[in-house]
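Guided by the hints, dock chain B with the ligands onto chain A, whose structure is given.
Okay, here's what each chain looks like letter by letter:
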Amino acid sequence: MLALESVSAGYGRLAALRDVTLEVRRGELVCLLGANGAGKSTTLKTISGLLAPRSGRVVFDGEAISGLAAPAIVRRGIAHCPEGRRVFPYLTVEENLRIGAWTRRDGVAAELDAVVAHFPILGERRRQAAGTLSGGEQQMLAIGRALMSRPRLLLLDEPSLGLAPAAADATFRIVGDIRDRGTTVLMVEQNAYAALRMADRAYVMETGRITLAGAARDLLRDEHVRRAYLGG
Amino acid sequence: MEALLQHLLNGLVLGGTYALLGIGLTLIFGLMHVVNFAHGEFYTLGAYLTFAALALLGVPFFLGLALAILGGGLLGAAGERVLLRPLRGESIDTTMLVTIGLWIVLQNGELLVWGGVAKSIPHPFPTAPIVLGPVSVAPLRLFVMAAVLALIAGAHLLIHRTPLGTAMRATFQDHDTAALMGIDTGRIHTLTFALGSSLAAAAGALLGPIFLVYPSMGDLASLKAFSVVILGGLGNFAGAALGGLLLGVAEELGAGYVSSGYRDAVGFVIIILVLLFRPSGLFARAERVG
Ligand SMILES: Nc1ncnc2c1ncn2[C@@H]1O[C@H](COP(=O)(O)OP(=O)(O)OP(=O)(O)O)[C@@H](O)[C@H]1O
Ligand SMILES: [Mg+2]
Chain A
1 MLALESVSAG
11 YGRLAALRDV
21 TLEVRRGELV
31 CLLGANGAGK
41 STTLKTISGL
51 LAPRSGRVVF
61 DGEAISGLAA
71 PAIVRRGIAH
81 CPEGRRVFPY
91 LTVEENLRIG
101 AWTRRDGVAA
111 ELDAVVAHFP
121 ILGERRRQAA
131 GTLSGGEQQM
141 LAIGRALMSR
151 PRLLLLDEPS
161 LGLAPAAADA
171 TFRIVGDIRD
181 RGTTVLMVEQ
191 NAYAALRMAD
201 RAYVMETGRI
211 TLAGAARDLL
221 RDEHVRRAYL
231 GG
Chain B
233 MEALLQHLLN
243 GLVLGGTYAL
253 LGIGLTLIFG
263 LMHVVNFAHG
273 EFYTLGAYLT
283 FAALALLGVP
293 FFLGLALAIL
303 GGGLLGAAGE
313 RVLLRPLRGE
323 SIDTTMLVTI
333 GLWIVLQNGE
343 LLVWGGVAKS
353 IPHPFPTAPI
363 VLGPVSVAPL
373 RLFVMAAVLA
383 LIAGAHLLIH
393 RTPLGTAMRA
403 TFQDHDTAAL
413 MGIDTGRIHT
423 LTFALGSSLA
433 AAAGALLGPI
443 FLVYPSMGDL
453 ASLKAFSVVI
463 LGGLGNFAGA
473 ALGGLLLGVA
483 EELGAGYVSS
493 GYRDAVGFVI
503 IILVLLFRPS
513 GLFARAERVG
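So the protein lines, in turn, are chains A and B.
Here the first sequence is numbered in this note's numbering, starting from 1 and rising by one per residue.
Here the second sequence is numbered in this note's numbering, starting from 233 and rising by one per residue.
The hints are simulated quantities; they were obtained by calculation from the structure and are not laboratory data.
Please note that a few of the clues may not be correct.
Chain B is nowhere near these chain A residues, computed Cβ spacing over 12 Å in every case [unchecked claim]: (1) D19; (2) R197; (3) A216.
Reference excerpt, derived from the structure (chain A facing chain B, CB under 8 Å, subset only) [unchecked claim]: (4) S48; (5) L50; (6) A52; (7) G67; (8) H80; (9) E95; (10) R98; (11) I99; (12) T103; (13) Y193; (14) A194.
Output of the computed footprint for chain B on chain A, the stretches with three or more beta carbons under 8 Å from beta carbons of chain B [said to hold, decoys possible]: (15) 1–12; (16) 69–79.
Values in this document were obtained by computation on a predicted structure and should not be read as measured data.
Note that beta-carbon positions come from the ideal geometry of N, C-alpha and C, so glycine has one too.
The following block holds chain A by itself, in its conformation from the complex (with noise of 0.2 Å):
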C-alpha cells in the first residue's frame, strides 16, 4: 500500500533521513522504533507532505506521492496524527473534529457521531475548547480528527507521549480497534514493548537509517532490540 524507495530528506543542510525503505501492507499495523532524533518524525513527515524527500520516493497505491503538498496527500487517503497531539487549542472540540474532515462534503455529520461514539468523552466535551482538555483527551480527541477525513493510511507518531500509563493503554487498545476495523496504520512509538506486542511488522532506525526490519515478535526476542530499547 505504502512504500518508501530510498528516500533521503533533511532540514537545510542537516540530512535527517538517509536511504530510508520501507513498506506497509494493506491491513497491516507497523510499528517504526527508534531513539530521539533517530528521523522517525522526519519519516512521517515525508510521507504525509510536511516535508519534500530531496530524493527517493514515497509510492502509496502504486502512485508516487512525493513532492504532493500535505493537503493533496490527506485527499489521497493518508492522515498525519502528529507528534504531541497538536490539537487546535482555541478551538472547540467538535471544531477540531469537523476540521479533520475538511477534504470531505459528504458523510461528515455520521462520521462525526461514530468518532463520538468511539470517544464518548469527545461527545462530553464538544464545546469545550480544546486546549482545555487533559493529555489524554487531546490524543483522543487528535487521533478522532484524523479518523474524520476516513483515512486508508494512518500516521501515529508517538501516541502514548506524555501520557500516564492508564492514558496510555487505552491509547493502544483504541489503535489496536483502529486496525482491527480495516485500516492500516504506520505507528511511531517510544513505548516500544507496547508497539512490538501489538505490531505485525517493526523497523528500527538509527541516525536517518533504517538498521532492522522484521516481524514485531521476532523483533520483541532480538538481542539488540532488547538491550537497546526494552530495557535489558
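Okay, now just chain B with the ligands, sitting in the frame of chain A:
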C-alpha cells in the same frame, strides 16, 4: 445631558467604522502577523471606488457600496498573492518594508488618478435630521450605523460559524497541522487578507459620503486601525469591535467637551495609557480568534 447623548450617538457612528478598520487589521496583523501599513489605503480605495461608482458611473448607491467592498477585497487578495506570498516565512521586518512600499504606491496612485482636491460622494438620503427625543441624527448616519453592525455581525458569523472561518482560525493557530487536515493554507492567507482589506474598504465606503474623500485620508485611518488593534488585543475579534466603538466615543467626547482640535489626541492618550497599564489590550481575557 442632551449634548452627552448626542456625542455618544456621533461617537458610535465614528466608532463603528473604526471597529471595521480594526477588525480588518486584527485579522491581518494579529493573526497573519503582517504589519500592514497599507491598511488605510484600502479604506481610501473603498471611498474612491464608491465615488467612482456613484458620481462617475451612476450606479445605484447600495450597489456602489457593495462594489467598493468587493474591490477592496480583490485588491487585497491580489496584494497578498503577489507581494506577500513569496515572502512567507521571512521576518516581520521584510513584510513591513513591502507594505510601506505598497502604502506609498497606492497613495500616490490615488493622487495621480484623482488629483489632490477633495471629492464629496453623493448619497440618496434626505439631509434633514431625524429627531429621536433629545437627539437628532442624519438619516445617512443612521444607515451607516446599521450597515456597520450588519458587517460586523457578518464577519463574526463568517469567522466563528462557517467551515471556512474554522479553517482560518485553525491555520493561524497551527499552520502545519492545518495543512495536514487538507487545508490549502496559502489560499486561507489570501482570503484572510482579502477579508481584512474589504472591511477597511467598507469603512471608507461608508464614511466617504459623510466626510470628504482625499488621497491621504488613509493615513489617519491606518493609525486608528492600529490603535484599535492595540486596544482590543492582537487577534481579538470582539476586542477590535469594542475597541473601535470605545475609541470613536472617546474621541467624540474629547472633541465635544475639551476642544475639537484635540479629537485625535484623545485617542492617542488612551492608547498610551493602555500600553502602559494593560499592554496586552483592554480585552485580553476575551477569546482570541487564533
Ligand atoms: N524542524 C526541524 N528543523 C531542523 N532540524 C530538525 C527539525 N525537526 C527535526 N530536526 C532534526 O532532524 C533529526 C531527526 O528528527 P526527528 O524529529 O525526525 O526525530 P525523531 O526520531 O522523531 O525523534 P523523537 O523521538 O525525539 O521525536 C534530529 O536531529 C532533529 O534535531
Ligand atoms: Mg519524533
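How the hints compare with the structure:
1. D19: holds, 25 Å
2. R197: Given a closest Cβ separation of 28 Å, the condition holds.
3. A216: It holds; A216 (chain A) is separated from chain B by about 27 Å at its closest Cβ, greater than 12 Å.
4. S48: Holds, because the Cβ-Cβ distance from S48 (chain A) to chain B comes to roughly 6 Å (cut-off 8 Å).
5. L50: With a closest approach of 6 Å, the L50 (chain A) hint holds.
6. A52: violated, 13 Å
7. G67: Violated. Min distance 15 Å.
8. H80: holds, 5 Å
9. E95: Check passed: Cβ of E95 (chain A) comes within 5 Å of chain B, closer than 8 Å.
10. R98: holds, 7 Å
11. I99: The hint holds - I99 (chain A) has a Cβ within 8 Å of chain B, the shortest such distance being about 5 Å.
12. T103: Check passed: Cβ of T103 (chain A) comes within 4 Å of chain B, closer than 8 Å.
13. Y193: Status violated, d = 28 Å.
14. A194: Violated: closest Cβ of chain B sits about 25 Å from A194 (chain A), beyond 8 Å.
15. 1–12: violated (count 0)
16. 69–79: holds (count 6)
Violation of the numbered hints given earlier is confined to hints 6, 7, 13, 14 and 15; the remaining hints are satisfied by the structure.
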